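Q: From first to last, the protein sequence lines are chains A and B.
Going by the numbering used here, the first residue of the first sequence is number 1, and it counts up by one from there.
Going by the numbering used here, the first residue of the second sequence is number 118, and it counts up by one from there.
Don't read these hints as lab results, they were simulated from the structure.
Fair warning: this is a prediction, and the values are worked out from it, not measured in the lab.
Incorrect hints may appear among the rest.
To be verified - Derived, one-sided and incomplete: chain B residues facing chain A with beta-carbon distance under 7 Å:
{"no.": "1", "residue": "125"}
{"no.": "2", "residue": "127"}
{"no.": "3", "residue": "165"}
{"no.": "4", "residue": "219"}
Just so you know, even glycine gets a beta-carbon here, dropped at the ideal spot from N, CA and C.
In case you want the letters, here they are:
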Amino acid sequence: SAVISQKPSRDICQRGTSLTIQCQVDSQVTMMFWYRQQPGQSLTLIATANQGSEATYESGFVIDKFPISRPNLTFSTLTVSNMSPEDSSIYLCSVENPRDRGYNEQFFGPGTRLTVL
Amino acid sequence: SQQGEEDPQALSIQEGENATMNCSYKTSINNLQWYRQNSGRGLVHLILIRSNEREKHSGRLRVTLDTSKKSSSLLITASRAADTASYFCAIVMNDYKLSFGAGTTVTVRA
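Required output: the full structure, derived from the provided sequences and hints.
A: Structure (C-alpha cells):
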C-alpha cells in the first residue's frame, strides 16, 4: 500500500480567496488523482495529475478554478481558486497502487475538509 | 458523473447481523471495487472484483458480481460496531478512473 498525507486537514476560508491543498505520498507513483466530495455526496473526480505533463480535467472542472501542480513523483497540489460557499467540500487525493499499476485499487489520503464562508 | 447506483441509501442493523448492499451500473466494466469511508475521512479499499469473476471473499466480506445484470453486492457478515461507515462501489471501465456510486451508510447498533 501507499501512505498519503494531506495538508491542511481542514480550513475555513473567506469567499473570494484561494486555498492550496498539498498531497504527499511515501512512494513514487505515476498517477495521482484529485476528488471532490460535497456534503453528503459521493466522490467526483476533478482531475488526473501525471508528473511532467498537464493535468487532465474531467467535465465540469477547469484549470483556472482548480490549478494543479505535480512537480515530482511523490507530491501534488490542488488549488481551489476564487472560492465560493459552493466549494465547501472534502477534497481527497489518491494514487494508483505503486506496486501494481493498471486498473487496480487506489489509495486515498485522509482528505481536506474545506468550508467557505 | 456517477456510474454506480447503490441501495439502500442507509442501513441500520444490530451487532452480529449481516449487512447487504447492492450496486448497479450501466456500462461494461473492467472491474468493480468497494471502498469504506469512516466519518468523512479518506477511503479505504476493501475488495476488487474483475469482470470475469463472480465472487470474492476477504475476511468477513463477500462480494458478488453479475455482469449480465450489471450489478454487484457486498455482504458484511457478523457485523461489528467498527463496521459503521459509508460504503461506496466504484467501477472502472476502459481506463484507470474510478466512478463512484452514491454510497450506503451503514450503522451497526450495539
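Q: Does each hint fit the structure? Answer for all of them.
A: Here is how each hint holds up against the structure:
Because the beta carbon of residue 125 (chain B) sits about 15 Å from the nearest beta carbon in chain A, more than 7 Å, this interface hint is broken. For residue 127 (chain B), the shortest C-beta to C-beta distance to chain A is roughly 11 Å, which exceeds 7 Å, and the interface hint is violated. A cut of 7 Å between beta carbons decides the hint on residue 165 (chain B): the least distance to chain A is about 6 Å, and the hint holds. With 7 Å as the threshold, the beta carbon of residue 219 (chain B) comes within range of chain A, its nearest partner Cβ sitting at about 5 Å, so the hint holds.
Checked against the numbered hints given earlier, the structure breaks hints 1 and 2 and satisfies all the rest.
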